[in-house]
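Construct the entire structure; sequences and hints are all you get.
Chains H and Y are the protein sequences, given in the same order.
Be aware that the first sequence starts at 355, since it is given in the numbering used here, and climbs by one per residue.
Be aware that the second sequence starts at 394, since it is given in the numbering used here, and climbs by one per residue.
Please note: incorrect hints may appear among the correct ones.
As the list claims (entries may be wrong) - Part of the chain Y face toward chain H, derived, beta carbon under 7 angstroms:
1) Gly-420
2) Tyr-421
3) Gly-438
4) Gln-439
5) Ser-440
6) Pro-444
7) Tyr-447
8) Asn-448
9) Glu-450
10) Ser-451
11) Arg-468
12) Lys-469
What the hints assert, rightly or not - Using 30 angstroms as the maximum straight-line C-alpha spacing, the simulated DSS-like pairs for lysine-lysine come out as follows:
13) Y:Lys-476 x Y:Lys-461
14) H:Lys-467 x H:Lys-454
15) H:Lys-476 x Y:Lys-478
16) H:Lys-454 x Y:Lys-429
17) Y:Lys-461 x H:Lys-476
None of these hints come from the bench; they were simulated from the model.
Ideal placement from N, C-alpha and C gives every residue a C-beta, glycine not left out.
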Amino acid sequence: MNDQSCAPDTGKAACRSGGRLGALLHTNIFSLRDIAGRLLGDVRFWPDAIDAAGLPENISASIHAIVKNTRLWNHERIDVARELCSHAVDAMEAGADPEKIAAGMGDPRVVSKLIRRSMKRKRHWAWHARAWCVRTVGGAAALLALMIGFKAARLYIGSPTPTRNFIAELNAPLAEYGEDERAWPLLQEACATFGPALAQAERAMKLRANQFTIDNDAPGMQKTCGLSPAQNSYRRSTRRTRIIRRFLIYITRYSPS
Amino acid sequence: MKIERELMRGAGPTAVLRLLSNKEMYGYELVDSLNKQTDGVLAMGQSTLYPMLYNLESKGLIEAEWRKADSGRDRKYYALTSKGKKRLETDTEAWRALTGAMASLGVLQTPLCALGVNGGGATA
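What follows is the structure in structure tokens.
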């Protein structure tokens with residue numbers, strides 16, 4: 355595109371609000387054309403195109419407001435700015451009043467929106483594909499974040515409201531039996547009575563099996579309840595030894611401390 | 394007379410395509426021609442014209458080119474493409490059917506031939 359279109363620069367005082375830095379910041383980095391222009395030194399910012407037209411200040415300000423709000427790529431803004439400037443110059447040459455021309459530009463926000471929408475439609479299909487991908491992935495991520503946030507809020511803020519008491523339901527049949535009919539007190543009593551005898555039986559088992567090493571002070575013993583590393587030895591033990599062993603485990607695990 | 398926005402949305406592109414079928418035109422020329430040829434009925438400002446032109450361009454119905462005018466200034470000229478010509482034919486047929494239907498309902502009192510739209514399109 356040839357950018358040397360407008361009249362010599364006569365109105366640079368007008369339309370300063372955006373400036374070069376503003377134009378640079380508002381330029382989309384995905385416009386390779388703009389990047390190439392900068393690398394090759396062929397840099398031209400859209401406010402310059404308006405300034406170079408030498409239009410009256412009110413018209414320049416209107417065009418500047420429209421082009422600024424389009425938020426298009428720099429070279430697209432230059433194209434729009436040049437065309438609007440050209441239109442204004444043509445209208446002035448035809449004898450139109452500058453006030454009327456400026457008023458005929460319409461509401462900058464509405465016009466910018468319309469121009470932006472139509473200019474974006476002109477872009478390459480690859481850009482549209484990328485935009486759709488970004489939109490889809492972004493939307494999915496936002497939805498996922500929303501769902502996770504909702505669940506987290508529910509977890510940390512809310513409190514459980516159980517509608518069914520399973521413990522009461524499980525204990526209900528036991529309530530039919532009296533205290534004297536329950537087995538657990540008897541087992542506790544048996545533990546207290548036969549504890550020393552069981553310890554003696556354990557020592558006897560050690561001697562007999564010769565593979566078991568029940569060391570109550572060994573680390574992890576409380577968790578394993580005597581299931582020693584010598585499990586093969588346990589397999590080889592007699593049936594009687596196994597029963598005693600199981601009973602020992604049971605007592606160790608469930609006896610009151 | 395001011396045309397409603399929805400009506401203008403339907404009539405505007407066809408009117409622009411019709412004007413461009415005669416010759417290449419630039420923005421101001423299009424506005425001026427529309428205003429003069431339709432007695433201001435289809436007059437549109439820049440805010441309507443340029444988004445419409447960009448839309449037509451994105452659809453491939455018209456193409457634009459910056460060119461030096463006789464005055465030495467650069468102007469963006471718009472020309473009809475082959476796709477645009479086909480669309481103009483389709484739209485002209487549609488408008489003819491529409492105006493015929495409206496005439497049969499008594500909305501249009503004057504016969505179409507008296508309006509000078511014998512195969513001419515929507516800009517008469």
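Taking the hints in turn, this is what the structure says about them:
1. Gly-420: 5 angstroms, holds
2. Tyr-421: 4 angstroms, holds
3. Gly-438: This interface hint holds because 5 angstroms falls under the 7 angstroms limit.
4. Gln-439: Holds, about 6 angstroms.
5. Ser-440: 3 angstroms, holds
6. Pro-444: 4 angstroms, holds
7. Tyr-447: 4 angstroms, holds
8. Asn-448: 5 angstroms, holds
9. Glu-450: 6 angstroms, holds
10. Ser-451: Hint holds; Ser-451 of chain Y Cβ to chain H Cβ min 4 angstroms, cut 7 angstroms.
11. Arg-468: 6 angstroms, holds
12. Lys-469: 5 angstroms, holds
13. Y:Lys-476 x Y:Lys-461: Between Lys-476 of chain Y and Lys-461 of chain Y the Cα gap is close to 26 angstroms, so the pair holds against 30 angstroms.
14. H:Lys-467 x H:Lys-454: Within the cut-off at roughly 22 angstroms; holds.
15. H:Lys-476 x Y:Lys-478: Between Lys-476 of chain H and Lys-478 of chain Y the Cα gap is close to 19 angstroms, so the pair holds against 30 angstroms.
16. H:Lys-454 x Y:Lys-429: 18 angstroms, holds
17. Y:Lys-461 x H:Lys-476: This hinted pair holds, its Cα atoms lying about 23 angstroms apart.
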